[in-house]
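Asks: Go by the hints and put chain V onto chain E.
Protein sequence lines, in the order shown, are assigned to chains E and V. Quick note: the first sequence uses this note's numbering, first residue 1, plus one each step. Quick note: the second sequence uses this note's numbering, first residue 1, plus one each step.
Honestly, the hints are just simulated from the structure, not real lab data. Since no wrong hints were added, every one of them can be taken at face value.
Derived lysine-lysine pairs resembling BS3-like cross-links, with alpha carbons at most 30 Å apart: (1) E/Lys-166 with V/Lys-196; (2) E/Lys-313 with V/Lys-196; (3) V/Lys-195 with E/Lys-166.
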Amino acid sequence: MKKNRNVGIIGVGQSVYSSHREDVNQPEMIHEAVVEALNHAGMTIDDIDCIVHGNMELFEMVHQPDLWHTLGSGAFGKETMRVTTGGTTGTTLCCTADYLVASGLHDVVIAIGFEKLQEGHTTGGITNMADPLWARQLQTGALTGMTAEQVISEFGEERAKKASMKYRIQMDKHAMKNKKAHRRLGLEFDQGDDLMESSPALVGELRMIHMCSQSDGACAMIFASEEKAKQYCKQPAWIKDHITVHREECFCAFGDAPVVLSHRYAAEKLFERNGIKNPRKEIDMFEMYDPSSWWGLDWLREFLLFEGDEHLKMIENDEITIDGDFPINPSGGVTASNPIGATAMVRVAEAALQIMGEAGDHQVKKKVNQALASGFGGTLWTVLFLLTREVPYALNKSGQTM
Amino acid sequence: MKVKEGIHDPNVTTTCSAKDWIAITLGKLDGMTAFTAGKLKVEGDLGLLTKATQFFKKYTPPAGDDQVEEGEELIVKKQILSIPQRFATGPVMGKFLNSFKEKKIMANKCPECGRLQLPPREICAECVVRATDWVEVGPEGVITIMDVTYYASPDPLTGESRETPYISAHFLLDGCKGHETLWHELNPEDRDRAKKGDRVKPVWNENRIGAVTDIKYFELID
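So that you can see chain E by itself, here it is in the shape it has in the complex:
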């Protein structure tokens, strides 16, 4: 691993997430996040060298929205770049900001991810993402019940359904502590059995209650070089490493094979090159891109490299709660808030806040020295981030790791 400069996250801003942000237009909504991030970092827009902007164009059908958004993003007269990689856009924005600062091209970069899903048609947009020669006709949007079926067939209907509902209700309990979260339903665990029958079925055993929301919202993050980060921030969240993994094909990926192999592969590689032998013990918390509670529980196994039912036990034994031994999504996660172009960035932002100790009411109790954050996209991509409390690399003047 060779890194030219250390990069720290020193500012996080988020708009309120909601199904309806008709009170603001797109630039105004982005502005909320940008202002909050600047205030958090103790900076003004004059301190920002470059702006990285991203979302999924096919949802709002506005091309080059960064041009429209200039007034909200503060990009006038500055270096700017636009990134769009589907569901992973938010994490790819973080990768891009990291590259721009680590390379030495810029000292301070703000990354902005947003979506205003009510202004488009989310499922229509996702369906049109599929290849037009075959899959578009067959696509069921972002909805699939296949993971639910696989989990049920492996662990039995009762255990699988209970674990999935417990995961979902736990995420709602976390969201109740996060004022920015979109869906704060106030669910109780004793409602689980009722909900798993009464919630409308979307696809197979994937029900409305399991699935993520469609949200409006924006997230902004400020990335700074080690020197600038230390100047502006008492405890930055440092970027130790990140990895992006794509599958080589999409068609068969939806077949009889496990749907997402890229998570496990990304985790194996990331842990290996950072000397992490037991991720469950060595990582303190995880903000996971969990589009549904079925995927959330199934992917826990993938990311933590389990083989058996350890992931179900973690849910059953309350290890993933905000006060638990391995907190998952203290923010409420994606089932609570899903402004898609921002969603993956929110994972990194929330993990960073946990390291900084500034997550407010949903701050985990334990000290977070090392945190994981993931992004996921319908093109079957995984982006996985590793953040640390300590400055990760001791570098000499030519940027070599000492």
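Replies: For chain V alone, coordinates are given in the frame of chain E:
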């Protein structure tokens, strides 16, 4: 859709077809229009139901009825895009689609690892070689996994909500192995009796044009 009685004590109960309900939630069908047309049956407090329209406020035209705070006029602009498109299939996908006209399903084969690709692709990305060989497979096979969809995606060709439920499924056609499955639909009427491993055959459309829709769906072989 499965509806259970006795769990709750509702103030108002509505009954309508799944298709109409989805059309209402998408804002394609006005709830009041559906009611007057007899598509939506109501028992209980009708006044309460009119308030339910605000659940779907996202989809209702903003001008007119919505109550806006005094002194504040929030204008929301409504637009509908319609974009006719033409996609080139290329020779490999073109050969696959063209064979549908003769009711044949063709996979291409990697000359190195021997795996089949359905639909075919120009190369085997695992071996990084051109997949030049062709093999006719099926047309019969077995179900490997199926997804019963209750909530309709809009049909991308028409923009209309689909009839639900419909079944998206993967089939392991005769001559294929492992993960070499074909993704298509299963006859919705087979929903209650179909299960993994059941044998299926394609139902071809009379008028075949070389498209995914040439196969109407697969159905169980009795």
